[in-house]
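Chemist: Going line by line, the protein sequences match chains A and B. First residue of the first sequence? That's 22 in my numbering, and the numbers climb one at a time after it. First residue of the second sequence? That's 22 in my numbering, and the numbers climb one at a time after it.
Hints should not be assumed to be uniformly reliable.
Repeated chains share a single entry, so a pair holds when one copy, or any two copies, can fit it.
For lysine-lysine, the following DSS-like pairs were computed, each having C-alpha atoms within a straight-line distance of at most 25 Å [what the hints assert, rightly or not]:
(1) K208 x K137
(2) K121 x K208
(3) K121 x K138
(4) K44 x K158
(5) K44 x K138
(6) K44 x K121
(7) K137 x K121
(8) K208 x K138
(9) K138 x K151
FYI, nobody ran anything at the bench for these hints, they're computed from the structure.
These are the residues of each chain, in order.
There are 2 protein chains.
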Amino acid sequence: MHRLFHFPLSPFCRKVRLSLAEKRIEVELVEERYWEQDADFLRRNPAGKVPVLRMGGQNLSESSAICEYLEELHPETPLLPRSPEGRYEVRRLVGWFDDKFFREVTSKLLYERVNKKVMGQGYPDSANVKAGARAIKFHLDYMAWLLDQRRWLAGDSMSLADFAAAAHLSCLDYISDVDWNRSETVKDWYAKIKSRPAFRSILADQVPGFLPPPHYADLDF
Amino acid sequence: MHRLFHFPLSPFCRKVRLSLAEKRIEVELVEERYWEQDADFLRRNPAGKVPVLRMGGQNLSESSAICEYLEELHPETPLLPRSPEGRYEVRRLVGWFDDKFFREVTSKLLYERVNKKVMGQGYPDSANVKAGARAIKFHLDYMAWLLDQRRWLAGDSMSLADFAAAAHLSCLDYISDVDWNRSETVKDWYAKIKSRPAFRSILADQVPGFLPPPHYADLDF
Chain A
22 MHRLFHFPLS
32 PFCRKVRLSL
42 AEKRIEVELV
52 EERYWEQDAD
62 FLRRNPAGKV
72 PVLRMGGQNL
82 SESSAICEYL
92 EELHPETPLL
102 PRSPEGRYEV
112 RRLVGWFDDK
122 FFREVTSKLL
132 YERVNKKVMG
142 QGYPDSANVK
152 AGARAIKFHL
162 DYMAWLLDQR
172 RWLAGDSMSL
182 ADFAAAAHLS
192 CLDYISDVDW
202 NRSETVKDWY
212 AKIKSRPAFR
222 SILADQVPGF
232 LPPPHYADLD
242 F
Chain B
22 MHRLFHFPLS
32 PFCRKVRLSL
42 AEKRIEVELV
52 EERYWEQDAD
62 FLRRNPAGKV
72 PVLRMGGQNL
82 SESSAICEYL
92 EELHPETPLL
102 PRSPEGRYEV
112 RRLVGWFDDK
122 FFREVTSKLL
132 YERVNKKVMG
142 QGYPDSANVK
152 AGARAIKFHL
162 DYMAWLLDQR
172 RWLAGDSMSL
182 ADFAAAAHLS
192 CLDYISDVDW
202 NRSETVKDWY
212 AKIKSRPAFR
222 SILADQVPGF
232 LPPPHYADLD
242 F
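Isolated chain A, as found in the complex (with noise of 0.2 Å):
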């Protein structure tokens, strides 16, 4: 079977989940401590990240690449569009939360709270995470703006962009850092998203010393 070493609080490793689970792409997850770089690791991945997907022999590393790969071997179940404007619009606003969100928010709350302590790094830095609050509920206003427009954020199908919004949301919901009270049309988006069963085993997911809040797997949240 497919192997993808993941960490599972990671939003990039939660976006490759996502789009194996949608495809129906079978694969055994392993729990990868990335940030102690262990050798094997490196070898799989000169880089030293997650996630690292091992498909028939090959390591297969960014997840962006890896979900553009999967794309085109299994475009069955699409989750990019057809038309060239589509797609593009899918891809910026991939890059919209993997790297903006990312850098602005998840780097700040779950960066600061989870991975400094999982990986030993001290305390969470409290401007870091005044910042991440903050600029949060821009991002959030910036998608139910977009939700306003159109069923999905990069239009009327569900695609690799929604797949990078909920990973990076589903991860902070975890550590109870979402307002799901400043936007209903945001709310909406995330339960139609969090009840497909592509969702089950992020809900599911456990981070020893952090427990989730009782909403984080509710589906009437």
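Since chain A is already given, all that's left is putting chain B on it; use the hints.
Modeler: Below, chain B without anything else, positioned relative to chain A:
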């Protein structure tokens, strides 16, 4: 004519400029002081970053999404191979340079030495500069290792991976931060890509207050 809002020493803008030039799409270059977050600019791209490509009434952002879009509109000069495996390898390496190389090298050398001064954010942090100078050696060795097995970085044809790498290296070369004596293989690769017509506009770049070394625009360096 199309317009590209850019900053001369931005590797992300240079990657898009190389793609446009290789595909013979003419654009007018407009220098954008994006860090000043001018209201007009933010309307064009709420992410507040360069490049922004104004094309057919649309404002396109996120350099990788733009390059994929140009590829789909103009496949006649391909910068992505045809096989899913080949395309995966190009995208993996684009990710390698735009994420890992950027974080470990470009942000530590170029941002400390140039962007901070241009943006009025003070002096270079010497610990960062040292870390960047150390890390670039590892990356040049990795490139040499790839190029020992392949004509171009991702395979037998020139691709977006070469443009991503050359975009970062050319910015660092402008501030004399690339030791071309480290690897004959990498130097030969760079000489090949530097001599392409697509590279001309990049070799003509000037940033006030920073004079490039004499070899910067020399094809026989």
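Chemist: As a check of your reading, is K208 near K138 (CA-CA no more than 25 Å) within one copy, between copies, both or neither?
Modeler: neither (29 Å within a copy, 43 Å between copies)
Chemist: My question is about K44 and K158: at a cut-off of 25 Å on alpha-carbon distance, are they close within one copy, between copies, both, or neither?
Modeler: neither (32 Å within a copy, 40 Å between copies)
Chemist: With identical chains, the pair K121 and K138 could be close in the same copy or across copies; at 25 Å between alpha carbons, which is it: within, between, both, or neither?
Modeler: both (23 Å within a copy, 23 Å between copies)
Chemist: Using 25 Å as the alpha-carbon threshold, which applies to K208 and K137: within, between, both, or neither?
Modeler: Neither way: K208 and K137 sit 29 Å apart in one copy and 40 Å across, limit 25 Å.
Chemist: Which holds for K44 with K138 at a C-alpha limit of 25 Å: within a copy, between copies, both or neither?
Modeler: For K44 and K138, the Cα distance exceeds 25 Å both inside one copy (34 Å) and across copies (48 Å).
Chemist: If the cut is 25 Å between Cα atoms, do K44 and K121 qualify within a copy, between copies, both or neither?
Modeler: neither (27 Å within a copy, 28 Å between copies)
Chemist: Measure nothing new, just compare the shortest in-copy and cross-copy C-alpha distances for K121 and K208 to 25 Å and report within, between, both or neither.
Modeler: within (21 Å within a copy, 33 Å between copies)
Chemist: Can you tell me if K138 and K151 fall within 25 Å by alpha carbon in one copy, between copies, both or neither?
Modeler: within (18 Å within a copy, 27 Å between copies)
Chemist: Which holds for K137 with K121 at a C-alpha limit of 25 Å: within a copy, between copies, both or neither?
Modeler: Classified as both: same-chain Cα gap 20 Å, cross-chain 20 Å, threshold 25 Å.
Of the hints listed earlier, those the structure fails to meet are numbers 1, 4, 5, 6 and 8, in rising order.
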